[in-house]
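> For reference, the chains in residue letters:
Number of protein chains: 2
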Amino acid sequence: MATAETSPALRADAARNRERIVAAAMEVFAERGLEASTAEIAARAGVGEATLFRRFPTKEDLVTAIVQMQLEGAAEVAASCLEEDDPWRGVERFLIEMVGRASEDHGISDANKERCMASPALAGERRRVLDLTGQLVKRAQGAGVLRDDVAGQDLMFLMGAVASVGEIPFQGLREDLWRRYLGVVLDGLRPEGASKLRPGAPSRKLIENPDPV
Amino acid sequence: MATAETSPALRADAARNRERIVAAAMEVFAERGLEASTAEIAARAGVGEATLFRRFPTKEDLVTAIVQMQLEGAAEVAASCLEEDDPWRGVERFLIEMVGRASEDHGISDANKERCMASPALAGERRRVLDLTGQLVKRAQGAGVLRDDVAGQDLMFLMGAVASVGEIPFQGLREDLWRRYLGVVLDGLRPEGASKLRPGAPSRKLIENPDPV
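Chains V and S are the protein sequences, given in the same order. Per the numbering used here, the first sequence starts with residue 1, numbered consecutively. Per the numbering used here, the second sequence starts with residue 1, numbered consecutively.
Okay, chain V solo, but in the shape it has when bound (with noise of 0.2 angstroms):
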């Protein structure tokens, strides 16, 4: 039976209308944060407040599909740098893009964003992203250019504590504090003077399947 769900046009239309709002609720809630009405984030997205119920019962939907792009995101730079010819700059480049992406990203507190990028729902997304940052790290370790002892799950965690330095509510990371402490995560990821980090990696699971907080 061919109903509206399966026409591939009105398929195409619903997946653009999906993808305007959550852009929308991404810039709204970095704007004003999660207080902001979902009026505003239809008003913006261009659809009806009907629409937006209809797809995001929740806030809490909104933020989920905004962390699986995110998430979708991570996975496509991780990919675009695993073909840089220097397998140092591929691990470089990946931290400072998204570095840089999560300076966008700043209207939604971090315990939201927590709760829903350990959703089970995301564990996919989240396997593929650690799956490209494992190969981006050996890959560089292959060449001697990165320390031997650390994984692609390390990356995740370094990106975040240095894009937590100098975070101001709603106006974002100050680069220039980003970028100097990244320089120092980057020098001390190089093989030259590195120690013997311990304890050892973490596990995959803790982003994988983290226990729900």
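One or more of the hints may lead you astray.
When the alpha-carbon atoms are kept at most 30 angstroms apart in a straight line, the in silico DSS-like pairs for lysine-lysine are as follows [claimed, not checked]:
(1) V:Lys113 with V:Lys205
(2) S:Lys59 with S:Lys113
(3) S:Lys196 with V:Lys59
(4) V:Lys196 with S:Lys196
(5) V:Lys138 with S:Lys196
(6) S:Lys59 with V:Lys113
(7) S:Lys138 with S:Lys196
(8) S:Lys113 with V:Lys113
(9) V:Lys196 with S:Lys138
(10) V:Lys59 with V:Lys196
Since the hints were made in silico from the structure, they are not lab data.
Let chain V serve as the given structure and place chain S on it in line with the hints.
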């Protein structure tokens, strides 16, 4: 005129009460967040609610007192690290102890703490911490064991970055994570293999007299 306020015994008593209230508030906020009741804080401190309200009319006053105690603690740690024979060990121990302390301080939301941390009333405490971390840095640089393009304020920002890793609301920091990533940062602070950090060190003013949030 010898009033209660000027009697040394009563002044010492008042100072002890104040200290007990601040310590109790830190514990209770860590357990329940800023929503914890003042009745619970007073009970934990072993004082009446009237005493608590007289000394700290608002929760903001309590948080500011906690932050002041933390800044004084940071100055004590820095001063003791300046007495390490090994200048590198001084820098290293300062960062380890300070991130460890941050892990006990998870009940106060960042935004609230940052606002109080930036209070003009605490500029003297902030200056003292910056003076001491500046000495730690210069001493280690003079011994050739610390990269020469960092300043005392960089230690403060790096400490905050590492302290944000694996922060779980009301559960504190995962020590295995912060120790590991502090290891990366410490390696990045060594002169071996150091790149040139860009941009340069941030102004002390960012910490000493920040613009109001």
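> Evaluate each hint against the coordinates.
Checked hints:
| no. | hint | in the structure |
| --- | --- | --- |
| 1 | V:Lys113 with V:Lys205 | 18 angstroms, holds |
| 2 | S:Lys59 with S:Lys113 | 11 angstroms, holds |
| 3 | S:Lys196 with V:Lys59 | 44 angstroms, violated |
| 4 | V:Lys196 with S:Lys196 | 23 angstroms, holds |
| 5 | V:Lys138 with S:Lys196 | 26 angstroms, holds |
| 6 | S:Lys59 with V:Lys113 | 27 angstroms, holds |
| 7 | S:Lys138 with S:Lys196 | 18 angstroms, holds |
| 8 | S:Lys113 with V:Lys113 | 20 angstroms, holds |
| 9 | V:Lys196 with S:Lys138 | 26 angstroms, holds |
| 10 | V:Lys59 with V:Lys196 | 44 angstroms, violated |
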